[in-house]
Amino acid sequence: MTYLANIGRYGLMLLEMFKKPTKWGVMKKLILKEIDELIFSSLGIIIFISFFIGGVVTIQTALNLTSPFLPKSLIGFATRQSVILEFAPTFTSIIMVGKVGSYITSSIGSMRVTEQIDALEVMGVNSLNYLIFPKLIAMLFYPFAIAISMYVGIFGGWSAAVFGGYAPTSEFIAGIQEDFVVFHVVYAFIKSLVFAIVIATLPAYHGYYLKGGALEVGKAATTSFIWTSVVLIILNYVLTQLLLG
Amino acid sequence: MIEVQGLHKSFEGKAVLKNITTTFERGKTNLIIGQSGSGKTVFLKSLIGLITPEQGKIAYDGVCLLELERDEQRELRKAMGMVFQGSALFDSMTVEENVGFPLEMFTKLSKGEKKDRIDSVLHRVNLIDAHHKYPSEISGGMMKRVAIARAIVLNPKYLFCDEPNSGLDPKTAILIDNLIQEITQEYDITTLINTHDMNSVMEIGEKIVFLKEGELAWEGSKEEIFITDNQAVGDFVYASELFKNVRSVYIDKKNR
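Protein chains in written order, with the working numbering: chain A, 566 to 810; chain B, 337 to 592.
Chain A with its partners taken away, still in its complex shape:
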């Protein structure tokens, strides 16, 4: 019953978020600030993780291609498919839930326990619109970060292949060009856009409706990480079935 009540309240929160918008001059600044905090400040970790994940995928693929009849280009092909379809959009999103999601829950939760959200409401500000809407808009730029992740992941794979002696550049490049399906990239972007909406709003829900003090802010950040990850994993399955199944 509590789960249903939470789902209902989450839906109402999303509806309320679009009502009584904040003045555009103020909102513009908030959106730019959130793009900086949520997207740009995450690029470092996204690039770092993507590079090494791409490298690991390449090494593992290469080590499992023991048959001399299998072409080395398969290493590039497998790396491209794994990175584009799964590692860049899903793995990166789980990392982002930890980084961005926890930040959103704790920052909004801290504002709740110190009555800053009440202060906004007393002033006549739609606190949901003021606090969550800019984060949602900023996260719509998330697919650009995923595009970078895909590029860096494949680059990491190439680096591991060439410098580790698993495949020459020509074979690897041939592999990543082999049977390329544009829709796979579209699928990855659709998935990352849906994930972005969840990463922006679900942790915000956990922070906004928090009750208690500083200890509860920490607990809410953990709960938010778990639930957002669970929702992403389920959505990943559903979207894959719907779009590729």
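Source of the hints: derived by calculation from the structure; they are not laboratory data. Honestly, I wouldn't trust all of these hints.
[Said to hold, decoys possible] No farther apart than 25 Å at their CA atoms in a straight line, the calculated lysine-lysine pairs in the PhoX-like style are these: (1) A/K598 / B/K450; (2) B/K447 / A/K598; (3) A/K585 / B/K450; (4) A/K598 / B/K451; (5) B/K469 / A/K594; (6) B/K469 / B/K447; (7) A/K776 / B/K381; (8) B/K444 / A/K598; (9) A/K588 / B/K450; (10) A/K585 / B/K381; (11) A/K588 / B/K444; (12) B/K469 / A/K585.
Given chain A's structure and the hints, the job is docking chain B onto it.
Just chain B, lined up with the frame of chain A:
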């Protein structure tokens, strides 16, 4: 003027406010007193609309708050200023940005006009050199002053203060009390203050409402509180020897 009629609120079946009816007049400092857990904060938050009561009527100069849609309530709240117990200043903003926030959100003033208004209210609360400091860099008393400045920057008609001098030293507490009273008279606003500080009651209590276990147990002025024979008020206000003596001196003086 704020009129309250039959206000009732309960949480999980436990009544926290029981049929409260009272009136708060314009240009006066109205104090709500009572023990911790007596329902003072719930009462104040109900008046602002942060908590929705189950029954009752709250009218702001004839406009019924509870009959308004959520967006209309927000419009009405633009005429309200609130000083929270913990000040509730925005951590990520400087003093100047905190005070200027309502101007930024709701006015079309130019940058210069906003700056003048911010300077004027910060000067009014005796804060002249803290513009670029963050809330974490100023004292509790200064935070309360910034909160008052933010609350009055839009010239509100109603000012709400939730324990404005809690956690402050006695001297600063009196300064804050006097500042609120001066602002109330200067701006001719309806001010409501939640407190359990008896110094505030004696200093600025033009109308005092005493809550006990969610019920309005007594109301009157600071002069009347000295002579009331209400047992509950007596037990609460004159719990300390100091205030018992103050009361005796006051009554002796009056009888002479």
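Going down the list of hints, with the structure as the test:
no., hint, in the structure
1, A/K598 / B/K450, "holds, 22 Å"
2, B/K447 / A/K598, "holds, 21 Å"
3, A/K585 / B/K450, "holds, 23 Å"
4, A/K598 / B/K451, "holds, 23 Å"
5, B/K469 / A/K594, "holds, 21 Å"
6, B/K469 / B/K447, "holds, 19 Å"
7, A/K776 / B/K381, "holds, 16 Å"
8, B/K444 / A/K598, "holds, 22 Å"
9, A/K588 / B/K450, "holds, 16 Å"
10, A/K585 / B/K381, "holds, 22 Å"
11, A/K588 / B/K444, "holds, 10 Å"
12, B/K469 / A/K585, "violated, 31 Å"
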